[in-house]
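Below are the chains, spelled out letter by letter.
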Amino acid sequence: MRSPDLLRHAWTVAAKDLLVEFRSRTGILSAAVFVVLVLMVFNFGRDPTAVSNVVLVPSILWVTFTFAAILALNRAFQLELENQALDGLLLAPIGRGSIYLGKLVANLLFVATVEVIGVPLVALFFNVEVWSHIGPLGGIIILATIGFVAIGTLFSAMTVRTRFAELLLPAVLLPFMILPLAWATLATTSVFAGRPLSEMAGWLKMLAGYDIVFVVLSLLLFPATVNE
Amino acid sequence: MLRAEGLKHRFGAVRALDDVSFSVQPGQTLAVFGPNGAGKTTLLKVLAGLIQPQRGNAHVEGGRRAIGWIGHQPQLYAQLTVRENLRFWASLYDVSPPRDLLTRLGLDEHADRPVRALSRGLVQRVAIARALVHDPTVLLLAEPFTGLDRVAAEALRRLLGDVMKQGGASVLVTHNVEEGTELATDVAFMRVGRFVHLAPRAGRGPEQVAEQYRNAIA
Amino acid sequence: MTAIALLLLAGVYVRALAYTPVERLQGLAQKIYYLHVPAAVWAETAMIIVGIASTFYLFLKDPRLDRFAYASAEVGTVFAVLMLTTGPLWGKPIWGTWWTWDARLTLALFLFLLYVGYLLLRSAVADPGSRARFAAVLGICGMVLVPFVHFSVYLFRTLHPMPILLKPSPPSLPVSMLTTLLMSLGVFTLLYVGFVTQRYALGSVSEQLEGMGGTDNA
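Just so you know, the sequences run in chain order A, B and C. Counted the way the working numbering counts, the first sequence spans residues -14 to 213. Counted the way the working numbering counts, the second sequence spans residues 749 to 966. Counted the way the working numbering counts, the third sequence spans residues 56 to 273.
FYI, nobody ran anything at the bench for these hints, they're computed from the structure. All residues carry an ideal CB built from backbone N, CA and C; glycine is no exception. Each hint should be verified, as a subset may be incorrect.
Unchecked claim - Partner residues are not named here, just some residues of chain C that face chain A (Cβ under 10 Å, in silico): (1) Phe165; (2) Phe167; (3) Tyr173; (4) Ile195; (5) Gly197; (6) Val204.
Chain A extracted, bound-state conformation (with noise of 0.2 Å):
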């Protein structure tokens, strides 16, 4: 399988699933409405006198992409069920590795999208102030979400065609979300109290890590949960 195929029929799928979320926008709307009523719940929730905003935001924001991205996975290899298109994707003379990338990048972008309204609204909800650190945040937002989003669009595949499809998926992919949202929730810590970048550093190293090495191993193991 040559590289430059592998990539282009990747993008394919993803155009794919992208042009069909565009069309019905159910998913992004639902997971929308669902960052702001986790927002408003956090904030009922928070008492004002005993613990600052800044030390609570990181921990919302996280706990908001991770039940978003969790959403967002549970959609990607329903719609190949729904159409039941996933024999088709088989057929095709493309790598199982071309289908496993193209929902991994649908899967990202859907996420990022949720994320990029989450940001702002915690920001004005909390009102923290966010911009000053965008840079350091976006990265770690990144980092963190490609870890999850990875190995769970290789569990998604699995769990599909469960019974209880959408309770098993985060039951097997909890384990392996927490370390991800410990780093990221560390460094997002690190980043709003204003400490210098160094400090952050072994976080994004251990994120960066993870990611490489989840996102190679759910390329390789992709093909052993759609063939027969």
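Starting from the known structure of chain A, fit chains B and C onto it as the hints suggest.
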């Protein structure tokens, strides 16, 4: 053009394929009849490359690029238009949809409508178009006429004939012996993973073949 | 074999309780160490074994490897639960709380969640072939995750007693305690082997029963 040698495959304790060998030449249509559970769909999936046989091998000239699969799954994205669907599937084969494909199936006026807005009969025809969008030379058909309306069935027969005339080959599996025989050049009966009959049709009519089938399978 | 191991386990405890000196700082509660640490070692190792067996399964497709992975996962779950119960039992008298989010207990929780996920996935997939493949994929991912979690112990500041044995410098435990610990570890090894063998045998019987139930394949 298409060859199977010593195919063996089991699912747990069930033998889906038990030493199946045959070949299909250009211009031939092999109709495989058998009851449910005989292994027909497994055979097709092995030929298509969807399943790796535990023993034996299957070879299709031209590989996956040359194979067109027609089953009862439409494999169409409901939210996309007919044209978008065809373009997507064609691009996976690195081709563009043939210009006259929509016309040949009477789909021109519906080309830009989303698939979910189409009637069942129209969807069936779009599904046929999708299967043929990359000009396959080897057709694998799994119970293709089930649920097709008259117009779609007619279109399918016509297009099948066209592919055969251009030197293609096809394998058709079905439990509807009458329908399958009309299209076949060669006939096989399959039972518990084995071919219990494999011969050219040689002028036999549908009733004749159906009779022989009933005797063989009973 | 399991019965012997269990007897030996009882033996280790007699020794641990009666013959090993009481640790100066932590008192009697520290004796749980002899249960907790070997359980931890084997909970982690069992997951790695699941991963290795799963890798071989994906290449060799031998169902025995899948059965072995499953058995190892079941036993690993038991050990993880043991870790999760003995940890707090040890911690409460010493730290004053049942649970802390320190690295070691978190590792136990991770392992437990991994195992539960593995078992849930297996129970959710009906087709045996898919089940084995999916479980293998998850098993391998779990195995790869373990080092990431394990090394977090060194990076996180922790309440937990720093690893005394598996750390870069030589063990710093007095000899008699070390001996008891090693004995306990040996017993746990026997327990692992014994339980896995049992579960493996059970697994092979239940698979046969499943196969006899019959599957329909076309």
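Could you check if Phe165 (chain C) really has its C-beta closer than 10 Å to a C-beta on chain A?
holds, 5 Å
Per the CB criterion, is Gly197 (chain C) less than 10 Å away from chain A?
holds, 8 Å
Hint check: 10 Å Cβ-Cβ cutoff, Ile195 (chain C) to chain A
It holds, given that the least Cβ distance between Ile195 (chain C) and chain A is near 6 Å, below 10 Å.
Hint status (Cβ of Phe167 (chain C) to nearest Cβ of chain A, threshold 10 Å):
holds, 9 Å
Interface hint check: Val204 (chain C), Cβ to nearest Cβ on chain A, cutoff 10 Å. Holds or violated?
holds, 7 Å
With chain A as the partner, please determine if Tyr173 (chain C) meets the hint condition of a C-beta pair closer than 10 Å.
holds, 8 Å
Comparing the model with each numbered hint stated earlier shows that all of them hold.
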